[in-house]
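Based on the hints, put chains X and V in the right spot on chain C.
Protein chains in written order, with numbering that gives the first Met the number 0: chain C, 0 to 267; chain X, 0 to 109; chain V, 0 to 263.
These are calculated hints, taken from the structure and not from any lab test.
Wrong hints could be hidden among the right ones.
To be verified - Partner residues are not named here, just some residues of chain C that face chain X (Cβ under 8 angstroms, in silico):
| no. | residue |
| --- | --- |
| 1 | M125 |
| 2 | D131 |
| 3 | M195 |
Please read all numbers here as calculations on a predicted model, not as lab measurements.
Think of the CB as a built atom: it goes at the ideal place given N, C-alpha and C, for glycine as much as any other residue.
Now for the letters of each chain:
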Amino acid sequence: MTGNTPTTNAITIRDLVVDYGPRRILNGINLDVPHGQIMVIMGQSGAGKSTLLRCILGLKKPTSGSIQMLGTDIATASRKEIYKARKQIGVAFQGGALFSSMSVAENIQLALHEHTDLDEKTIQIMTRIKLDMVNLLEAENLMPSELSGGMAKRAALARAIIMDPKLLFFDEPSSGLDPSTAAELDQLILTLKKGMGITIVVVTHELDSIFKIADHIAVMKDGNLILTGTPQEIIDSTNPEIQGMLNRKPRETIVDTDAHLRRLTGDF
Amino acid sequence: MECTVRSQTGFDLLELGGEVDLQFSHKLRETILGSLKTGNPLLIDMAKVSYIDSSGIASLVEGFQTAKTSKLQYGLLNISNAAMQVLTLTRLDKIFDLHSSTDQFKQKLQ
Amino acid sequence: MASIAKHVESLGAYCITAMEQTGRTFNMLLQVLWELLHPPYRFYPIVRQMYFIGARSLTLIIVSGVTIGMVLGLQFYNILQRFGSVELLGAGVALGVIRELGPVMTALMVVGRAGSSITAELGIMRITEQVDALECMAISPDKFLIAPKVVAGLLSVPLLTMVFDFVALFGGYFVGVKMFGVAEGSYWNGMTDAVEWQDVRLGLEKSFVFGVLVTLICCSRGFYMHLTKAGSQGAEGVSSATTDAVVLSSIAVLFSDFLIGALA
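In isolation and in its complexed conformation, chain C is listed as follows:
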């Protein structure tokens, strides 16, 4: 609540281009993320989702274009300004990215210790409130190496929301999790949006969770944003590439037995 005039979008991206050497990773991305909603960025591996996320977070400088995040242009801002903007966001990384030398509680408290001068007791209670929200109270004193994949993701989420961010980023929340744990995380994301009014950006390729949580979906392919819209608009789209992603068809059945045998054995 510090000084930001409430614009309509939490994130506004215009003509974002990223080159990596001679290769173009992002090819002119335009994207708006409205306040208080869940935006899912979907696409296959290598489509440029992670690069886009890293640009928004200021971890990668784009070649050209602008990224307005909570009123700061991340593409041109100084390090100091980027740090100031980052105090209002939370990021949960794919593998958790918990600091391995600290316990779960210490991981979660780190930002509070670094950025606030709250009383130790307050910090402890805040930590436990967040741990309780992600249903991980019993893991408070465990080390990250002792957590399962799902627990690590939940701990990372607790760490991401410890400062009550306005904007939350979640990289692949449900990848590598069993269906019930994944569903639990999806539910948690929805609760966060409703209860705290957080704007949430989720990067994923898991179709199941996408349609459960998304208010808006942005579909990426080969460095381009091929479609943005509501879940219904995505389902109704006649774009063959999107339909291809939605109905992952099994590969065609083998017709030419001889040719296939030769391919497998290497005899020609």
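Relative to chain C, chains X and V alone:
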């Protein structure tokens, strides 16, 4: 953030208002703990709270625990919608003593 | 001709990489200095790193110090005996240890013991996105991760060097006096007569420089692992960065030892 304590008959009334966030919650904590030290029951009026974050909630929780150990009544009054959402989210709405009027709290005191 | 051109090209590429890495390491030093000058100042992380770099290397330093002292005692005794001047043994051991071997051997031990694990730790933090996570929490990795390590290196290596020097003198004493029967008085007196304040100062100066060099090179190799060719190769990248860091910082120690010796 506004945070003032008024003495009522038999209890203290803390009027809380505005945005209770990381910057101000330590003041809330000090006020609550200071008021409880006088040995009076405490009722916190949260009608004018437009925003409260988890550090504010944590201060309320610590106050509640302190009140319990010193066997004092401790209640929240007229929770604003904004505050109620956060309380529900953190599953604390069932923990605190919530009141809709001062009289309700007074009855509990007897 | 083509093959010569190819060699020139790869030499050029190597030089560019080497200069990039040197530049990054130097830049890291500037960042660390900048962060150290700005609040908040935290001492606990430095103490923690000193425990890691210093205290946990202590056994190794003591064992190698005694051994080096004994080797020196043995060699000097054999040489000095030929010239009939074994009373110089104490001076020889002390000067050799305090001016050269103490700082250099200590730094090399720290490279192997702590430097390699600094690189591996930072490399793993990089590939598991822990560094990115710190950045996203608006916490400067230079301040949080690098600065405590460099300061701890700056303080630990001189302390360890003093320990090394001390036990090495006793190693020499054990061989010279107890085994070969050099007079005890001549061993210690020769030492105090020969060693001057500037010898001690030279040794200390070296160890300060080595401490910073070693931690800085090891930090930079691990922290910037993603920018090197091996960076994208996960665990393999970490292991090759670690090897690189050990080799580079060892060479840096030996070369700067020569430089400081020549300039002093």
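Hint compliance check: list the failing hint numbers for this structure, sorted ascending. none
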